[in-house]
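S.K.: Sequence:
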Amino acid sequence: MLEKLFRLNENKTTAKVEILAGITTFMTMAYILVANPTILSATGMDKGALFTATVLATIAGTLLMAFLANLPFALAPGMGLNAFFAYTVVLQMGYTWQIALTAVFIEGVLFILLTAFNVRKAIVNNIPSSLKHAISVGIGLFIALMGLINAGIIRSSENTVVMLGDMSSHSVWIALTGLIVMAVLLVLRVKGALLIGIFVATFAGVLLGETHIPESNVVGLPPGIAPILFQLDFSQIFKPDILVVLFTFLFVDMFDTIGTLVGVSSKAGMLDSSGNVPKAKQALFADSIATTLGALLGTSTVTTYVESAAGVAEGGRTGLTSVVVGILFFFTLFLSPLFLMIPSSATAPALVMIGLFMISPIRKIDLENYEEAIPVFLTILIMPLTFSISEGITFGVLSYVLLKVLTGKYRKVSLVLYILSLFFILRFFV
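Its first residue numbered 0, the sequence shown is counted upward by one per residue in numbering that gives the first Met the number 0.
Derived from the structure by calculation, the hints contain no laboratory data.
Just so it is clear, CB atoms sit at the ideal spot from N, CA and C, and this is done for glycine as well.
Please note that the accuracy of each hint is not assured.
[Said to hold, decoys possible] For each label pair, taking beta carbons as the anchor points, the in silico distance ranges come out as:
hint: 1; residue 1: K408; residue 2: T95; range: 25 to 35 angstroms
hint: 2; residue 1: A182; residue 2: T13; range: 29 to 39 angstroms
hint: 3; residue 1: N117; residue 2: G208; range: 55 to 65 angstroms
hint: 4; residue 1: S128; residue 2: I326; range: 35 to 45 angstroms
[Unchecked claim] The calculated lysine-lysine pairs, modelled on DSS-like cross-linking and capped at a C-alpha distance of 30 angstroms, are:
hint: 5; residue 1: K190; residue 2: K15
hint: 6; residue 1: K46; residue 2: K238
hint: 7; residue 1: K408; residue 2: K363
hint: 8; residue 1: K11; residue 2: K238
hint: 9; residue 1: K3; residue 2: K15
hint: 10; residue 1: K46; residue 2: K3
hint: 11; residue 1: K46; residue 2: K190
hint: 12; residue 1: K411; residue 2: K15
hint: 13; residue 1: K408; residue 2: K278
hint: 14; residue 1: K363; residue 2: K190
hint: 15; residue 1: K280; residue 2: K3
hint: 16; residue 1: K408; residue 2: K280
hint: 17; residue 1: K190; residue 2: K278
hint: 18; residue 1: K363; residue 2: K280
hint: 19; residue 1: K15; residue 2: K280
hint: 20; residue 1: K11; residue 2: K280
hint: 21; residue 1: K11; residue 2: K411
Please model the complete structure; the sequences and the hints are all you need to start from.
M.R.: Have a look at this one:
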């Protein structure tokens, strides 16, 4: 049966290898069970419901990838996009989390349509690679900054000036414990380094009296998702700011997914003779459908996880790897008290490390070419300084187009970028 479903022999793998690969991928990305509810609950959403929604969206997306594309990739609510959802759209721009969920839902529907009609290729091909890389770097710095703030290592004042926090507080030392453990385990290349670090930091919190072990059994039925299920609000969805939010969700989701698919497949030698990801269209369908379902369940954009590379490195080559990941996430549903007891100070170091992972594309940017370097620099700089991913993208695109026009290279700018620039400029005055 497994052979028929996943064509193991054709992909030169075995069920044993695929199961091991699935366990490895699960271990490297299970931190999302703690990080996503922690980040999104800052908007006022119910943390218990978010835990359940995170698990269900992860299972749905990962199984869609397994059966639609037969690829060894796992999906879950994306880091960076959840931060944009919570800290920018809700806390900074002032929209409700219901409106933010609606933007995610529409983005998912648009992604489905763009995939169906192959429009995504036109968009992807017309965005400069340097800006794609810069967005990843900027988001990485933004996430790391939020991790340091959550830890209390950095604090922000009312006018958003950041400064060193109270280094004598227990939350700081809980976070530093986790950060040190994660760093050591990453250097030693221990699988599940982030998850282990989170649990060690949580234990440190228990010793310091900052974290309390649940009085009831840590095994039980998952929290209900009724508080966030089907909570869409279309009342303000056509406002200029929300249109920018929509574009940002779509833009980051699309490039994050495509970048992960291409990068991991390339490292695993899974690209076809033309250098393309096998069944890429089906993989993108899985991603976009999962995002749409995730919004209905009550969580931010679901995307393909780069941590899938860990499972691929262990030999995972088919959707069976993804099925194993989905099954393991299913079992975590019944461990919700264990995960929900983890404080934000214990998840904060994971955000810092994820920021490190996300800045790696900076190596691909030619910083000696100022036509590329200046827009890249502004994109990266603006995101953490304004606490806004969308503002970073706006300044990056506008500066790129402006430099090309003022240096007489306007013909090298695509129509897509001109349209985006006009849209961004109008946003400042509407």
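S.K.: Against the earlier hints, flag every one the structure doesn't satisfy and list their numbers going up.
M.R.: Numbers 1, 8, 10, 12, 13, 16 and 21 - these are the hints that the structure violates, sorted from lowest upward.
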